[in-house]
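Engineer: Given next are the chains, with one letter for each unit.
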Amino acid sequence: MQIVTTVLKPTTGTVYWNGTDVVETPSAVRDELGYLPQSFGVYPDLTATEFLEYVAALRGLDRETADARIDELLALTNLEHVRDEKIQTFSGGMRQRVGIAQALVNDPSLLIVDEPTVGLDPEKRVRFRNVLSSIASDRIVLLSTHIVPDIEATANSVALLEDGELVTHTGPESLVEATAGSVYEYLVSRADLERRSETSIRSRVRSSGPTASVSE
Amino acid sequence: MDTERVRVRRVFHVARADFYQRLRSRQVLVVLAVIASLGYLVNVGTVELFYLDSSNGETVQYTGEPTLAYIGLTAGMTGASVLLVLGYYLLAGSLERDRTHDVDRLAASTGVATRTVLVGKWVSHVGYVAVVLGTLGVAAVINHHVHGTGTTDPVWILGAVFLLGLPVGCLVAGVTLLFHTDYCNDLPAQPPPGSRLCRK
Numbered sequence: 001m002q003i004v005t006t007v008l009k010p011t012t013g014t015v016y017w018n019g020t021d022v023v024e025t026p027s028a029v030r031d032e033l034g035y036l037p038q039s040f041g042v043y044p045d046l047t048a049t050e051f052l053e054y055v056a057a058l059r060g061l062d063r064e065t066a067d068a069r070i071d072e073l074l075a076l077t078n079l080e081h082v083r084d085e086k087i088q089t090f091s092g093g094m095r096q097r098v099g100i101a102q103a104l105v106n107d108p109s110l111l112i113v114d115e116p117t118v119g120l121d122p123e124k125r126v127r128f129r130n131v132l133s134s135i136a137s138d139r140i141v142l143l144s145t146h147i148v149p150d151i152e153a154t155a156n157s158v159a160l161l162e163d164g165e166l167v168t169h170t171g172p173e174s175l176v177e178a179t180a181g182s183v184y185e186y187l188v189s190r191a192d193l194e195r196r197s198e199t200s201i202r203s204r205v206r207s208s209g210p211t212a213s214v215s216e
Numbered sequence: 001m002d003t004e005r006v007r008v009r010r011v012f013h014v015a016r017a018d019f020y021q022r023l024r025s026r027q028v029l030v031v032l033a034v035i036a037s038l039g040y041l042v043n044v045g046t047v048e049l050f051y052l053d054s055s056n057g058e059t060v061q062y063t064g065e066p067t068l069a070y071i072g073l074t075a076g077m078t079g080a081s082v083l084l085v086l087g088y089y090l091l092a093g094s095l096e097r098d099r100t101h102d103v104d105r106l107a108a109s110t111g112v113a114t115r116t117v118l119v120g121k122w123v124s125h126v127g128y129v130a131v132v133l134g135t136l137g138v139a140a141v142i143n144h145h146v147h148g149t150g151t152t153d154p155v156w157i158l159g160a161v162f163l164l165g166l167p168v169g170c171l172v173a174g175v176t177l178l179f180h181t182d183y184c185n186d187l188p189a190q191p192p193p194g195s196r197l198c199r200k
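So the sequences go chain by chain: F and B.
When we follow the working numbering, the leftmost residue of the first sequence carries the number 1, and every step to the right adds one.
When we follow the working numbering, the leftmost residue of the second sequence carries the number 1, and every step to the right adds one.
It should be emphasised that the hints constitute simulated quantities derived from the structure, not laboratory data.
Treat the numbers as computed from the prediction; the structure is a model and nothing was measured.
We treat Cβ as the ideally placed atom computed from N, Cα and C, and that holds for glycine.
A couple of the hints might just be wrong.
Stretch by stretch, here's where chain B covers chain F in the computed footprint (C-beta under 8 Å, at least three residues) [unchecked claim]:
1) 31-40
2) 43-52
3) 153-162
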């Protein structure tokens, strides 16, 4: 993610945006980029408005555009009532919403969000997913996450990586179809669970299909 | 918006964010209290500044009367000396703070150039120096009003404090940033830890 956002330079390989090599010409993507890093950093003693003004200036917005956009985003993320309070007084969910607002401040055509729902409670996670889905209608959103339900709920294209290597790049439905016949479910009653040993249950699961496997 | 206006706006906001973040911490109150106390000690003569004359083979110490000029001069010299000796430690940590708070990662994904960030940081440093000198100057004005001779004129005291202290502060602000960004000139493919702001 940090390579795609041009924060880090790759040791090998390159990244293209609209046919331009962004490793050679980072400004090609930076001007159209919104980024919510995994460990989203803020100046904790700044207010939400001040921090968004800071990001807007870095993204090259003029004052009038920035002010209008910040008002709009504070309303979208439901932070209007705390706009003049220091970010250090915010909860984790509120900070994350500041993160979304700053990522959208320049109305980017490419939005990159890295593990955005880590640390959020289930309700806030759902709300965040809804926001993400609603803004994804007219832009590319690159979402990196380990939380499968987030992918199910939001993604229409999934790239699966293992040790930095691309395993597959497909739609969620195709991905589920590809695993057909390889996923097993075995229901154990509470009484059975207490009576039988773990090894016994594992052997029953294995015997239920030729390629079944049990994770530790 | 034209490039120059974008750059100026970026410098202003980098400086403003850094300045607010620094000034709103409790640590700054301690620094300003120490500076004001030091200025007080110098002005009331506990820490004595004097002029040595050995021209007749005998060393004579001349200590000034607490006039407007003397108070302004001693406060200015105190400010300049403190900034020269301790300025680095007072001002250092600005870039480190960005790294600690992970704000640098965000900044690195924008179109802002390293030199723009550094100019903004320098302006913020100079702003902090101005606050330190202002505190020292106000303390000196009060000292003169209470202990000094003649009419108290804040302009002359503050003028002397800023005239002596500000150039030193500006220089130390620049040197501090220089020491924290010296690796920016030769950026490897994989930057060392903490060098995420370094971009050509």
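Engineer: Confirm or reject each hint.
Structural biologist: Against the structure, the hints:
1. 31-40: holds (count 6)
2. 43-52: holds (count 6)
3. 153-162: Our answer is that it is violated, as 0 residues pass the Cβ test (under 8 Å) against chain B, missing three.
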